[in-house]
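Produce the complete structure using the sequences and hints provided.
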Amino acid sequence: MTHSEFDSFRPPEPPRRRRPGGKRGTGRRDSGDGSREMSMVPEPEFTSYYGRPVVKPAPWGDEVAAYLFLGGVAAGSALLGLGGQLTRRPALCRNARLSALTAVSLGAAALVKDLGRPERFLNMLRTIKVTSPMSVGSWILSAFSVGAAVSAAAEIDRISRARLPLGPLRTLLQAAEGPAGFEAAFFAGPLAAYTAVLLGDTATPTWNAAHEELPFVFVSSAALASAGLAMITTPVHEAGPARKLAVLGVVGDVVAMRVMEHRMDPVAAEPLHQGKAGTMLKWSERLAAAGGLGTLQGGGNRAMAAASGLALLAASALTRFGVMEAGLSSARDPRYTIEPQKNRLAARRAAGITGDSITTAR
Amino acid sequence: MGQLSGPTDPTADAHWEHQQPRKGFFTDTSICIGCKACEVACKEWNHNPSDGNLELLGSSYDNTGALGANTWRHVAFIEQGQERITEARESGRALVNLGMPGIGPPGAAAPTGPDLAEVDTTPPDTADFRWLMSSDVCKHCTHAGCLDVCPTGALFRTEFGTVVVQDDVCNGCGTCVAGCPFGVIERRSDGTAVVAAQREDQHAEHPAVPNVGVAQKCTLCYDRLVADEAPACAKACPTTSIKFGNHDDMVETARERVAGLHAQGLTEARLYGANELDGVGGTGSVFLLLDEPEVYGLPPDPRVPTADLPQMYRRAGMAVAGMVAAAAVAFLGGRA
Numbered sequence: 001m002t003h004s005e006f007d008s009f010r011p012p013e014p015p016r017r018r019r020p021g022g023k024r025g026t027g028r029r030d031s032g033d034g035s036r037e038m039s040m041v042p043e044p045e046f047t048s049y050y051g052r053p054v055v056k057p058a059p060w061g062d063e064v065a066a067y068l069f070l071g072g073v074a075a076g077s078a079l080l081g082l083g084g085q086l087t088r089r090p091a092l093c094r095n096a097r098l099s100a101l102t103a104v105s106l107g108a109a110a111l112v113k114d115l116g117r118p119e120r121f122l123n124m125l126r127t128i129k130v131t132s133p134m135s136v137g138s139w140i141l142s143a144f145s146v147g148a149a150v151s152a153a154a155e156i157d158r159i160s161r162a163r164l165p166l167g168p169l170r171t172l173l174q175a176a177e178g179p180a181g182f183e184a185a186f187f188a189g190p191l192a193a194y195t196a197v198l199l200g201d202t203a204t205p206t207w208n209a210a211h212e213e214l215p216f217v218f219v220s221s222a223a224l225a226s227a228g229l230a231m232i233t234t235p236v237h238e239a240g241p242a243r244k245l246a247v248l249g250v251v252g253d254v255v256a257m258r259v260m261e262h263r264m265d266p267v268a269a270e271p272l273h274q275g276k277a278g279t280m281l282k283w284s285e286r287l288a289a290a291g292g293l294g295t296l297q298g299g300g301n302r303a304m305a306a307a308s309g310l311a312l313l314a315a316s317a318l319t320r321f322g323v324m325e326a327g328l329s330s331a332r333d334p335r336y337t338i339e340p341q342k343n344r345l346a347a348r349r350a351a352g353i354t355g356d357s358i359t360t361a362r
Numbered sequence: 363m364g365q366l367s368g369p370t371d372p373t374a375d376a377h378w379e380h381q382q383p384r385k386g387f388f389t390d391t392s393i394c395i396g397c398k399a400c401e402v403a404c405k406e407w408n409h410n411p412s413d414g415n416l417e418l419l420g421s422s423y424d425n426t427g428a429l430g431a432n433t434w435r436h437v438a439f440i441e442q443g444q445e446r447i448t449e450a451r452e453s454g455r456a457l458v459n460l461g462m463p464g465i466g467p468p469g470a471a472a473p474t475g476p477d478l479a480e481v482d483t484t485p486p487d488t489a490d491f492r493w494l495m496s497s498d499v500c501k502h503c504t505h506a507g508c509l510d511v512c513p514t515g516a517l518f519r520t521e522f523g524t525v526v527v528q529d530d531v532c533n534g535c536g537t538c539v540a541g542c543p544f545g546v547i548e549r550r551s552d553g554t555a556v557v558a559a560q561r562e563d564q565h566a567e568h569p570a571v572p573n574v575g576v577a578q579k580c581t582l583c584y585d586r587l588v589a590d591e592a593p594a595c596a597k598a599c600p601t602t603s604i605k606f607g608n609h610d611d612m613v614e615t616a617r618e619r620v621a622g623l624h625a626q627g628l629t630e631a632r633l634y635g636a637n638e639l640d641g642v643g644g645t646g647s648v649f650l651l652l653d654e655p656e657v658y659g660l661p662p663d664p665r666v667p668t669a670d671l672p673q674m675y676r677r678a679g680m681a682v683a684g685m686v687a688a689a690a691v692a693f694l695g696g697r698a
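These protein sequence lines map, in sequence, to chains A and B.
Just so we're aligned: the first sequence equals residues 1 to 362 in our numbering.
Just so we're aligned: the second sequence equals residues 363 to 698 in our numbering.
Treat the hints as calculated values from the structure; they're not laboratory data.
Don't be surprised by glycine CBs; every beta carbon is placed ideally from N, CA and C.
Warning: the hint list may mix true and false statements.
Said to hold, decoys possible - Residues from chain B that face chain A, not an exhaustive set, calculated with beta carbons under 7 Å:
1) HIS380
2) GLN382
3) GLY414
4) LEU416
5) TYR423
6) ASN425
7) ALA428
8) ALA456
9) ASP510
10) VAL571
11) GLY575
12) ASP640
13) PRO662
14) LEU671
What the hints assert, rightly or not - Chain B stretches covered by chain A per the calculated footprint, using a threshold of three residues with CB under 8 Å from any CB of chain A:
15) 592 to 605
16) 620 to 634
17) 641 to 655
18) 673 to 683
The structure is reproduced here in structure tokens:
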């Protein structure tokens, strides 16, 4: 039905689609008069400067994501270690203390490696700044490491049957061991949670929009990961608390993640579902659920417990890498900076708040 | 810990012995001719290495790209047709009719500008095409996200109210990069000023690039300010598009200029950063723009992330309590 010699220059019309579930809106009928032909007005789209990002992504590589994971493992392990210490579960206590020291050492090394000037890592402790989650976190990490190192050193000394060349320090170490376990456990929670504040307190759209719930996601992830590790390292008869912590962690993780995605700005939440980050977070949830179910069903079986523990560790690592990647990709696309900001500005103006815009007419 | 958001004088908050008035820029983009003298003057004065490979970016005359570790002044070029000009004029007019901002106590005689709905907005010389040029720079925010989150104290507030990195203290953790709502500060990643392959030998002899691995951004030429000199970019600007002076005077000049443009019917003119009630407490560098901020690559509603930090710490505290409670339940529930 060609009416014009120019019709051949038109782009092809999109195929007609029938909406499943009946008509929507006013249900405009196609009367065959061309009223349904494609719009000649371009789709409204957000403006940006040549599609270039507005904010810069943090220059953080996989080392920082690995630290988020390892710091969580260390934190949860210290809590399990204290629990084992208090309820006289020597194997759990020993394994958790060694896990805490290993994880926190690897994590700290990863953090230092990621610095632009690794040789200046001690500058982190040059000052205490409450406004800087990184500064607060450096102090938390340092304080935690002291307790974790002392309590783990006592375990190593015990394993090696007092062969460490400690001399008179051995009595001191044995006396400090218990309090050190308490000290590490005291800083364990903050160690697991501060990284969420560190990410939330940035202009990176997805992290910033998630700041209310991200701490809950991170502590849950820390709990399930450390419990998973304890289930791998510790015989089942002493790993009962680890299994309970794992299940609580899985529930917390899945619920907090869902609540977070629901309460966030919908545009800023998109990167959590797309691309590499989306895949990682989807698998993280699946593995957490599988690990939780495995723990509930077969936690009494050593092999099953170890397999579940492995799934939980993988789930936690995927959560951290996924959240990291989602944030970085949200900073790379100007849409995630501009659209939520425009929407919230328009919402404030619609509510009659007109005095707090950065753009003013006078 | 000082104030995290809202209007304040950062110069006074920094508690310097010898207090100076807060300094700042007013970048009037309506008289920018895109000569990039500011970019060149900045690079020369601050010994900043080149960015990239001298590629053409395909974005009008802008082959610099964006502000970054090595680029502390960036001239944006935007080509617009009739339709976009009309939109800019409309959005500017809508802004005028909002009657903002209210300065001073609410209800006090806030100056109500003329209602521009009836003004003849036939543009004087840009009927169906215009070229926007704007020299962007660090905003030196009243509440600077980069400064707040810096863990080492490498970033500090000078006696002029500006924000500067101490190169010998920064350990390159990169937190400030994510903390800046304007995407200004960046970690200098590459020490080599790679240019064309044929000229490799020639450039191999160049001195090593300073401060690799360290966060870098505009210092508002701190070294020049202490010698009572204007920053290099402002000094080099041939059209006085970049004005430098006391922050209060800059805001005053900006307000006069935008009122003058509105009176000429150029309703697309608007100020960016002149409102101390905004999300960053007002910026030290004020801009006059001729379109929405995002057109220039500026965020439309920036908010310093630290403004929400107390709430984040509260939420983290609740999460910690939850984690400890979960561990306690796991152990107290009897031997499984």
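Results of checking the hints against the structure:
1. Interface hint status for B:HIS380: violated, as the beta-carbon distance to the closest one in chain A is roughly 23 Å, over 7 Å.
2. Annotation: B:GLN382 was flagged as interfacial toward chain A, and the flag is violated, the nearest CB pair being 23 Å apart, outside 7 Å.
3. With 7 Å as the threshold, the beta carbon of B:GLY414 stays out of range of chain A, its nearest partner Cβ sitting at about 13 Å, so the hint is violated.
4. For B:LEU416, the shortest C-beta to C-beta distance to chain A is roughly 18 Å, which exceeds 7 Å, and the interface hint is violated.
5. With its C-beta approaching chain A no nearer than about 12 Å, B:TYR423 sits outside the 7 Å limit, and its interface hint is violated.
6. Because the beta carbon of B:ASN425 sits about 11 Å from the nearest beta carbon in chain A, more than 7 Å, this interface hint is broken.
7. Below 7 Å, beta-carbon pairs count as interface contacts, and B:ALA428 has one with chain A at about 6 Å; its hint therefore holds.
8. Given hint, B:ALA456 at the interface with chain A, is violated; its Cβ is 9 Å from that chain's nearest Cβ, farther than 7 Å.
9. About 4 Å separates the beta-carbon of B:ASP510 from the nearest beta-carbon of chain A, less than 7 Å, and the hint is met.
10. Below 7 Å, beta-carbon pairs count as interface contacts, and B:VAL571 has none with chain A, the closest being about 13 Å; its hint is therefore violated.
11. Here the hint on B:GLY575 is kept, as its CB sits about 3 Å from the closest CB of chain A, short of 7 Å.
12. A cut of 7 Å between beta carbons decides the hint on B:ASP640: the least distance to chain A is about 4 Å, and the hint holds.
13. About 5 Å separates the beta-carbon of B:PRO662 from the nearest beta-carbon of chain A, less than 7 Å, and the hint is met.
14. Checking B:LEU671 against chain A: minimum C-beta separation of about 6 Å stays under 7 Å; hint holds.
15. Only residues whose C-beta sits within less than 8 Å of a C-beta in chain A count toward coverage, and the stretch 592 to 605 of chain B has 0 of them, not enough to reach three; the restraint is violated.
16. Interface restraint, the stretch 620 to 634 of chain B with chain A: holds (6 residues with C-beta to C-beta distance below 8 Å; minimum three).
17. Only when three residues or more bring their CB closer than 8 Å to a CB of chain A does the claim for the stretch 641 to 655 of chain B stand; here the count is 6, and the claim holds.
18. A stretch counts as covered by a chain when three or more of its residues have a beta carbon under 8 Å from one of that chain; for the stretch 673 to 683 of chain B and chain A the count is 10, and the coverage holds.
Hints 1, 2, 3, 4, 5, 6, 8, 10, 15, counting from the list given before, are not met by this structure.
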